[in-house]
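Asks: I would like the entire structure built from these sequences, with the hints used as guidance.
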Amino acid sequence: MKKDKKNLSESLKDLDEIVDWFEERDEVDVEGGLKKVKIGVKLVSEIKKQLKDVENEFEEAKKELGDGNL
Amino acid sequence: MTLLQKLTDWQKEQARIESLEGYMVLPFKSLQEISRTLPKNNTELLAVKGVGPVKVNKYGKTILNIVAGKDIGINNSLNNIQELAGNSFDDADVINNFLGTGGSDEVENNFFSGKIDLKNESVFRNENVFENNVDNFKNKIDLETGEILSFENDALSVSEALDVCNASLIQNRLRVQGEVMRIDFRERVIYFTLKDGEDESVVSCLIFRNNYELSGVSLTEGVEVIVEATAEIYKLTGRLSLKASSVELAGEGALKKAYEDLKKKMDRDGLFSSERKREIKKLPQRIGLITSRDGAAIGDFTTNLGSYGFKIIFCHSSVEGQKAVGEILSALKIMSEKNLDLLVIVRGGGSLESLQAFNNEKIVRAVADFSVPIIAGIGHEQDETLTTLVADGGVSTPTAAARIVRESWDLAKENVGQQESFLLGSFENILLDVKNKLKNSSEIMMGFFDQVNDDFENKVGSLKNCFDNLGFKIKEIKNGIKFSEKFLQQNDPERQLKLGYLIVRDKNGEILRSVKGVGEGDVIELELGDGSVNAEIIK
Chain A
1 MKKDKKNLSE SLKDLDEIVD WFEERDEVDV EGGLKKVKIG VKLVSEIKKQ
51 LKDVENEFEE AKKELGDGNL
Chain B
1 MTLLQKLTDW QKEQARIESL EGYMVLPFKS LQEISRTLPK NNTELLAVKG
51 VGPVKVNKYG KTILNIVAGK DIGINNSLNN IQELAGNSFD DADVINNFLG
101 TGGSDEVENN FFSGKIDLKN ESVFRNENVF ENNVDNFKNK IDLETGEILS
151 FENDALSVSE ALDVCNASLI QNRLRVQGEV MRIDFRERVI YFTLKDGEDE
201 SVVSCLIFRN NYELSGVSLT EGVEVIVEAT AEIYKLTGRL SLKASSVELA
251 GEGALKKAYE DLKKKMDRDG LFSSERKREI KKLPQRIGLI TSRDGAAIGD
301 FTTNLGSYGF KIIFCHSSVE GQKAVGEILS ALKIMSEKNL DLLVIVRGGG
351 SLESLQAFNN EKIVRAVADF SVPIIAGIGH EQDETLTTLV ADGGVSTPTA
401 AARIVRESWD LAKENVGQQE SFLLGSFENI LLDVKNKLKN SSEIMMGFFD
451 QVNDDFENKV GSLKNCFDNL GFKIKEIKNG IKFSEKFLQQ NDPERQLKLG
501 YLIVRDKNGE ILRSVKGVGE GDVIELELGD GSVNAEIIK
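If you read the protein sequences in the order shown, they are chains A and B. Take 1 as the starting number for the first sequence in the numbering used here and just add one per residue. Take 1 as the starting number for the second sequence in the numbering used here and just add one per residue.
These are calculated hints, taken from the structure and not from any lab test. Careful: at least some of the hints might be erroneous.
[Stated by the list, open to error] Short, incomplete list of chain A residues facing chain B, as computed with Cβ under 7 Å:
# : residue
1 : Leu15
2 : Val19
3 : Val30
4 : Gly33
5 : Ile39
6 : Val44
7 : Ile47
8 : Leu51
Even glycine gets a Cβ: it sits at the ideal position worked out from N, Cα and C.
Replies: Shown next, in the form of structure tokens:
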């Protein structure tokens, strides 16, 4: 993972902002919306990837817990 | 093979022959000292700590031979240390303890030599007797067996005769019960007489004060006691007396009373109060264990301890009867330097008599004053020794003691399990939240365009409607125009002219609609489809 890449919670925060923009909009700004959607879609796919990584790590850790004779 | 190895091999073999523990033949510490000091004769051998005249008599020749490098033809066998190393305890410590206490060996020697840690002069006096004996031994008599080794005269001297007698007498360790009479408390020794309960036989007894105090019994006339003793003839008076190493009350009734009395006294001193008891350290690791290595209690305790990586520092002590007092005290002393988290003392159940060491005031106070909390698991369910009462964790069996030791570990294990599911569950919830958020966010973003699209489509729709309306209107207008056109066409006068109709005008240019307006000779104008001509009315 690239160092300048945002972490999951930062990405989620950005996504929140975008969603807020859409929800607060009274007038239709298609070009603006398109720009935001493009960023949003990229964010969503990034987050999904990050989430997958986290999930995998989590499953591994869970398995380790399960294997350990505690 | 080093000398020490040879010596331990011999010790082991000798122990096997005599069905004893190795340390009972000679403590390992003594073997070490022998291998270091290389004694050449009995006198030098006697200087070794733990080697008394009895041992010299019994093993001196063999040991000196081994030291001198003569083969005594023993089989190689494992030594004690290796044997100990095979068990599950803290090996180094076990060995140290083993060497440190010398187990019951030292106490047994003390019985003869008076070499108990608690030094006093009577002890030295006792040793002097042996010095004399040793001199004799060197000349004539095997003190161990009483065998006369060489004669210088036909007859023995009185002193020699008594030595022979004493050598035989010392072979027998006696346990004697009788009624106490005529007590004489001296500074270092207590003299008393024991009387037979049935036939009036009497015997003189003496006990050194330190042993007496260790016994925790107060001698009064008329009390029925049991002494552990050997008989000896005091050479200066020729009188036989029993040299007692311990004294205890005889009979359950007397023991019970002594127990109750001491219990009351300790209770008054506040030794049993709950405020005085220390909390057992949570998750203890270094556990001191005092019990007999031969009893069932050690197994009961260790097998119920669970596998929590305890470091068990074991110190053997006999736990049976009055004679265990000294050993338990020295074990406590050793344990006090072992930096323990807690100390456990266990033994199996038994009669009040066999448990009496645990009702001994010195032991009870030592337990109360011990540096770390003590768990006592002594006896069966119904037994309640004073040691149990004063211990910080007093329970009635070795198994229950093990349960106390492991309790906090069991709890921790359980907690870890709960925390584990909580942790996993919490994180799974977080993951789920994020996923939901992603889904919602995506829906909102996509929804925006759907919305835009819908709006647009709506607008296109309305526009279309407008166009439709407009088209319809245009068509209508068009139709109207068409109709008007047709109508106009149909009503165009020129069309009539073309069909052959004509328009007639008078000389004034007015359209003639009746013949009455004109007469003969009037000129009229005829307008045809493609022009007009003038005509004259003829008639």
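Asks: Does each hint fit the structure? Answer for all of them.
Replies: Results of checking the hints against the structure:
Of the supplied interface hints, the one on A/Leu15 holds, with its beta-carbon coming within about 5 Å of a beta-carbon of chain B, less than 7 Å. The restraint placing A/Val19 at the interface with chain B holds, with a minimum CB-CB distance near 5 Å, inside the 7 Å limit. At a threshold of 7 Å, the smallest CB-CB gap from A/Val30 to chain B is about 6 Å, leaving the interface hint in force. A cut of 7 Å between beta carbons decides the hint on A/Gly33: the least distance to chain B is about 5 Å, and the hint holds.
For A/Ile39, the suggested interface contact is broken, since its CB lies about 10 Å from the closest CB of chain B, more than 7 Å. Taking 7 Å as the C-beta cut-off, the interface hint given for A/Val44 holds, the closest approach to chain B being about 5 Å. Proximity of A/Ile47 to chain B holds as hinted, the smallest CB-CB distance being about 6 Å (cut-off 7 Å). A distance limit of 7 Å between C-beta atoms decides the matter here; for A/Leu51 the minimum to chain B is near 6 Å, and the interface restraint holds.
The structure is inconsistent with hint 5 alone, although it conforms to all the rest.
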